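Sequences and hints are given; from them, build the entire structure.
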Amino acid sequence: MTHTEKRILTNKIVMTLSTLSAMVGMTFLFWILGILVINGIDALNWTIFSEAGAPPGYEESGLKHALIGQLMIVGVATFAGVPLGILAGTYLSEYVQQSKLAETIRDISDIMMSAPSIVIGAFVYAIVVAPMGHFSGWAGSVALTIIMLPIILRTTDDMLQLVPSTLREAAFALGAPKYKVIMQVVYRGAKVGILTGVLLGVARVAGETAPLLFTSFNDNFLNTDMNQPMASLTVTMFNYATSPYEDWQKLGWAAAFILSMFILGLNIIARVFLMKKKGK
Amino acid sequence: MATITQILEEKALEVKNFEFTYAGADAPSIKKLDMPIAKNSITALIGPSGCGKTTLLRSFNRIHDLYPGNKYEGEILFKDRNILTPKEDLINLRIKIGMIFQKPTAFPMSIYDNVAYGMRLQGIKNKTELEGRVEKALTDAAIWKEVKDRLKHDANGLSGGQQQRLCIARAIAVEPEVLLFDEPTSALDPISTAGIEELVVELKEKVSIIIVTHNMQQAARVSDYTGFMYLGELIELGRTEEMFVTPREKLTEEYITGKFG
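Line order of the protein sequences matches chains A and B.
Quick note: the first sequence uses my numbering, first residue 1, plus one each step.
Quick note: the second sequence uses my numbering, first residue 1, plus one each step.
There may be inaccurate statements among the hints.
[Claimed, not checked] Here chain A is said to cover these stretches of chain B; the calculated rule only asks that three of the stretch's residues, wherever they fall, bring their Cβ under 8 Å from a Cβ of chain A:
(1) 58-66
(2) 115-128
(3) 166-178
(4) 234-245
Everything labelled a hint here was simulated from the structure, so no lab data went into it.
Just so it is clear, the structure is predicted and the values come from calculations on it, not from any experiment.
Yeah, the Cβ is synthetic: ideal placement off N, Cα and C, and Gly gets one too.
What follows is the structure in structure tokens.
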């Protein structure tokens with residue numbers, strides 16, 4: 001075999017292997033999506049949105065309680081996590097920059113990003129649930145905020161650092177004070193990137209189950225009091241799917257489908273933003 | 001000691017015994033520098049890379065202060081006042097001494113908002129006044145005709161040369177007394193470069209200009225005075241037409257004849 005033939009053969013082997021690997025990955029992805037869509041759409045109907053949970057066997061049984069609980073818990077977490085994350089990222093990129101303190105915060109934040117979410121749930125259980133004496137929607141939001149925070153912090157930090165320093169200098173050279181340089185020039189230059197980080201952060205926490213088990217727990221009925229245990233799509237899905245009742249299992253599929261579509265939607269929107277930014 | 005020609009005009013700025021040291025550096029990047037800057041004239045700073053010309057330029061509006069640890073010594077007099085003191089109001093200083101950068105720095109906002117930016121910082125809110133001054137600045141920067149129908153469009157949609165003229169418009173809109181140009185044409189094509197050079201010459205009626213350039217032809221074309229810097233020192237400052245024909249220092253001669261650099 002000549003050198004060239006050998007090279008062509010190696011090329012073919014590697015190409016075949018990588019194509020196969022990609023196909024295995026894609027197969028599972030579409031398998032999951034396919035099963036979700038088939039079972040999910042089958043389980044979808046109007047009562048899912050109009051009715052709250054009910055004991056097994058009831059006709060009028062839906063996911064309204066879980067949808068509202070989910071929106072409230074994730075909404076409060078977003079409301080707290082987004083400004084905190086953006087401000088902390090701004091502090092890193094615009095104020096402490098490359099100092100030791102900044103690098104330490106970046107490292108801690110990277111570690112927090114890979115911390116198992118159930119550990120964060122246990123932590124919030126210890127600092128919020130145990131002193132309060134009961135599970136609550138607030139505790140769930142606290143856990144999700146903690147998970148969301150490092151994601152938004154790091155993307156904000158990265159995106160702000162991508163804004164050329166000459167743009168800041170140009171604003172300073174016109175006599176702008178620092179806070180105006182940041183708010184009027186730097187944020188504008190990084191807004192698409194920051195928004196993408198926010199969307200990815202929200203998408204990440206929207207699918208969390210483990211930290212909620214420890215914090216907001218669950219409620220099979222409609223509850224809008226954040227001081228009380230609260231239903232979420234993820235925990236409800238877990239409970240319904242593992243129950244022996246066929247109608248509950250169906251609701252579990254519906255919950256899985258709605259949740260996946262929500263997260264898929266957020267991810268697609270984030271990617272569209274990113275593509276627009278790159279295309280610019 | 002540097003050979004410095006007597007400045008005939010009034011002085012816009014005067015550098016006295018100036019030293020500049022970057023954060024963490026052992027030796028100063030600019031050493032014991034004295035230099036007068038003539039009013040309503042163009043002073044070009046030339047010299048090989050790393051000679052300190054940009055460092056000097058960036059000291060005039062104290063943009064070095066954005067990065068911690070940089071150290072100034074000596075004096076830079078602006079209207080008989082040393083601007084290097086810690087209590088100097090940098091916001092007011094930078095309004096009076098504007099800067100144009102190497103690469104165009106259009107802000108991510110509309111053309112109109114870019115030009116109005118500096119004026120708004122000063123608290124000018126009156127719409128009629130803003131509109132009038134934006135138009136005047138854009139006209140003075142020779143770009144009004146090209147952009148008047150798209151003032152609300154994103155400034156980043158303009159070409160490099162147009163963006164640079166927009167930045168000049170933005171700088172002159174706040175009516176500075178001195179304008180600092182840091183290699184303003186090095187990122188531009190020859191036609192845009194010619195346009196900017198023409199503009200710089202026109203601007204000296206109203207402002208005093210200091211321009212850092214790597215391009216000696218550019219210095220010869222636009223400037224009234226040229227300062228040649230080498231290794232952090234001013235070697236020679238003279239009237240441009242004299243310096244390029246009969247340099248008095250050997251180093252200057254070697255540099256402008258291309259023996260090094």
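Taking the hints in turn, this is what the structure says about them:
Here's how the segment 58-66 of chain B fares: 3 of its residues keep a CB closer than 8 Å to some CB of chain A, so the rule of at least three is met and the hint holds. Restraint check on the segment 115-128 of chain B versus chain A: 4 residues with Cβ-Cβ distances below 8 Å, three needed, restraint holds. With 4 residues carrying a beta carbon less than 8 Å from a beta carbon of chain A, the segment 166-178 of chain B meets the three-residue requirement, and the given coverage holds. Three residues within the 8 Å Cβ limit are the bar, and the segment 234-245 of chain B against chain A gives 0, so the coverage statement is violated.
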